Amino acid sequence: MLRPRIIPCLLVSNGGLVKTVRFAAPKYVGDPINAVKIFNEKESDELIVLDIDATVRGAEPDYKRIANLAAECRMPLCYGGGIKTAEQAKRIIGLGVEKVAVSAAAVETPALIARVSKEIGGQSVVVVVDVRKRAGIYEVWTHNGTRNTGKRLDQAAEEAESLGAGELVVNSIDNDGMMQGYDLELARQVRELTSLPITLLGGAGSLDDIGRLIDTCGVVGAAAGSLFVFKGAYRAVLISYPNRDRKEELMRRVAVRA
Amino acid sequence: MITIVDYGVGNIQAFLNVYARLSIPAETATNTQALQSASKVILPGVGDFDEAMRRLDGSGMRATLDDLVLERRVPVLGVCVGMQMLGRSSEEGVLPGLRWVAGDVRSFRSTSSTEPLAVPHMGWNDVRPTPGNPLFDGLEADARFYFLHSYYFQCDRETDAAATTSYGADFTSAVNDGNIFGVQFHPEKSHHWGTRLLHNFATL
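From first to last, the protein sequence lines stand for chains A and B. Using this note's numbering, the letters of the first sequence map in sequence onto residues 1 to 258. Using this note's numbering, the letters of the second sequence map in sequence onto residues 259 to 462.
It is worth saying that the hints were derived from the structure and are not from the lab. The structure displayed is predicted, hence computed values, not measured ones. Just so you know, not all the hints are guaranteed correct.
Here are the in silico distance ranges between beta carbons for each label pair [to be verified]:
{"#": "1", "chain 1": "B", "residue 1": "ARG320", "chain 2": "A", "residue 2": "VAL256", "range": "32 to 42 Å"}
{"#": "2", "chain 1": "A", "residue 1": "ASN148", "chain 2": "B", "residue 2": "THR288", "range": "26 to 36 Å"}
{"#": "3", "chain 1": "B", "residue 1": "THR288", "chain 2": "A", "residue 2": "TYR234", "range": "47 to 57 Å"}
{"#": "4", "chain 1": "B", "residue 1": "ARG279", "chain 2": "A", "residue 2": "ALA233", "range": "10 to 20 Å"}
{"#": "5", "chain 1": "B", "residue 1": "ALA321", "chain 2": "A", "residue 2": "GLY16", "range": "48 to 58 Å"}
{"#": "6", "chain 1": "B", "residue 1": "SER295", "chain 2": "A", "residue 2": "MET178", "range": "32 to 42 Å"}
{"#": "7", "chain 1": "A", "residue 1": "GLU43", "chain 2": "B", "residue 2": "THR288", "range": "40 to 50 Å"}
{"#": "8", "chain 1": "B", "residue 1": "GLY396", "chain 2": "A", "residue 2": "TYR234", "range": "20 to 30 Å"}
{"#": "9", "chain 1": "A", "residue 1": "ILE137", "chain 2": "B", "residue 2": "ASP400", "range": "44 to 54 Å"}
{"#": "10", "chain 1": "B", "residue 1": "ASP400", "chain 2": "A", "residue 2": "ASN34", "range": "23 to 33 Å"}
Just so you have them, the derived chain A footprint on chain B, three or more residues with Cβ under 8 Å [as the list claims (entries may be wrong)]:
{"#": "11", "region": "291-298"}
{"#": "12", "region": "318-330"}
By construction, the Cβ of each residue, glycine as well, lies at the ideal position given by its N, Cα and C atoms.
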C-alpha cells in the first residue's frame with residue numbers, strides 16, 4: 001500500500017533554520033545540518049528544505065549549502081528557493097537532491113515548469129504555491145507572502161499539472177505557524193483540483209491534525225514545520241518526529257477512509 | 259570494489275554515503291578505465307529515459323559495461339531509470355535500452371485501473387520479494403522503499419521479476435536475470451531497508 005508521507009519542512013534564512021508565523025517573524029531554531037541528522041535517525045519519510053531569502057533577494061541558490069544538505073540527507077530531499085531556470089534545477093539535481101521546488105518563478109512564468117520537467121524529468125519537479133484565503137477564494141502569493149499574483153489556486157494547480165510537474169505542494173499562509181490544524185477545506189479543494197500527488201503545508205499542531213488531513217485526502221503528503229521543531233505551549237525548540245508505531249496508526253486511517 | 263557508474267545522472271553521493279557507513283569500499287567511474295576494475299556495478303538514474311540513455315552513450319562507457327555485464331558476468335544493479343534502462347524500450351522515449359533484460363517500460367498513465375491513479379507514483383510502498391531472492395535477504399517480511407516514477411518495467415518472463423508492488427495494479431518493482439538486478443525504488447534513500455538491500459548486493 002502506498003502510504004501518506006509525513007514530511008518535515010525546514011525553512012532556511014541567513015544560513016540558519018527558522019520558523020515563521022503567517023510567513024512573518026522568523027524565529028531561529030537551529031542549524032539545518034543538525035536537523036537533517038536528527039531526521040535521519042528518526043527515519044522521516046522525506047524532507048523539504050526551502051531557502052526563504054533567495055527569491056526576495058534575487059539571489060542564486062546556495063549550491064554549497066545544497067551539496068552539504070544532500071550529502072547528509074538519508075531520505076528523499078526536496079529543495080526550493082530562488083530557482084528561476086532549468087539549468088539551476090539541473091545543477092541542484094546533480095548535487096544529489098531528488099526533487100526541486102519551483103514557486104514564485106513558476107507562478108509568474110508557468111512555461112518554466114515545462115522547461116524544468118524536460119530537463120530533470122517531471123517526477124522531480126515540485127510546484128509550491130502559497131495561498132491566502134480572501135472572500136472564500138484561495139489566492140496565490142509569492143515573495144514570502146508579500147506579493148499578490150492575482151492568480152487563483154485552481155489556475156496554478158491546472159498549470160502545474162498540464163505543464164508536467166510531479167507534485168503540488170500547497171502552503172496556507174493563513175495557517176502557517178498557527179499550529180491549530182490544516183485548512184481542511186483547502187485540502188479538499190486541492191484534492192479535487194489535480195490528479196498529481198499533493199502535499200499540504202501550514203497549520204499542523206499535533207499528529208491528530210495529520211490524521212485529520214489523511215481522513216480528508218487519503219494518500220497525501222502532510223508537511224509541517226512548527227510541529228516538528230517546537231515542543232509545548234512556550235515553543236521550546238525540540239526536534240521531533242512520530243515513531244514507527246504512531247506513524248502506522250496514522251497510516252491506518254487511509255484504510256478506514258477507503 | 260563496488261563501482262557506481264557516474265554518467266551525469268542520479269544521486270551518486272547517496273550511494274557512496276551508504277557504503278561508507280557500511281565500511282564497504284565503493285568508488286565512482288566516469289570513464290572506461292575506472293570501470294575495468296569493478297567487481298560490482300551500480301547503474302543509477304533519475305529523470306528522462308532518452309536523456310539517460312544519451313548520456314550513457316556519450317560517456318563512452320557503454321561498450322565496457324556490455325562486456326562487464328554480458329561477458330564477464332559482473333553483478334549489476336540498475337536503480338530507478340537505471341532499472342528501466344535494462345530493458346529494450348520505454349514508452350517515455352524513442353531510444354532503445356541496454357537490452358540486458360527481456361522487457362519494456364510502460365507508463366502508469368496507459369495502465370487501466372479501477373481508481374484514478376496519481377502519477378507519478380511517489381512515496382513509500384510495500385515491496386513483496388520473490389522468495390529466496392538474495393537481494394532481499396532479511397527483507398522478506400517487511401520491505402518498504404521510496405518510489406518516485408511514472409513508468410514501470412514489464413518483464414517478458416515472469417521468472418525475471420524479483421519483487422512486486424501494488425499501485426492501482428501489481429507491477430514489477432525489481433528484476434533479476436542471472437547477474438543482472440534492477441530496482442524501481444530508491445534503496446539509497448530508503449533508510450534501513452535500503453541499506454540492507456545495498457549491503458545484500460555488495461555481498462552477493
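Hints and how they fare:
1. B:ARG320 / A:VAL256: 32 to 42 Å: violated (50 Å)
2. A:ASN148 / B:THR288: 26 to 36 Å: violated (48 Å)
3. B:THR288 / A:TYR234: 47 to 57 Å: At 52 Å between Cβs, range holds.
4. B:ARG279 / A:ALA233: 10 to 20 Å: Since B:ARG279 and A:ALA233 have Cβ atoms about 38 Å apart, the given range 10 to 20 Å is violated.
5. B:ALA321 / A:GLY16: 48 to 58 Å: holds (49 Å)
6. B:SER295 / A:MET178: 32 to 42 Å: violated (57 Å)
7. A:GLU43 / B:THR288: 40 to 50 Å: Hint violated: Cβ distance 32 Å, outside 40 to 50 Å.
8. B:GLY396 / A:TYR234: 20 to 30 Å: About 44 Å separates the Cβ atoms of B:GLY396 and A:TYR234, which means 20 to 30 Å is violated.
9. A:ILE137 / B:ASP400: 44 to 54 Å: holds (45 Å)
10. B:ASP400 / A:ASN34: 23 to 33 Å: holds (30 Å)
11. 291-298: Violated: only 0 residues of the region 291-298 of chain B have a Cβ under 8 Å from chain A.
12. 318-330: violated (count 0)
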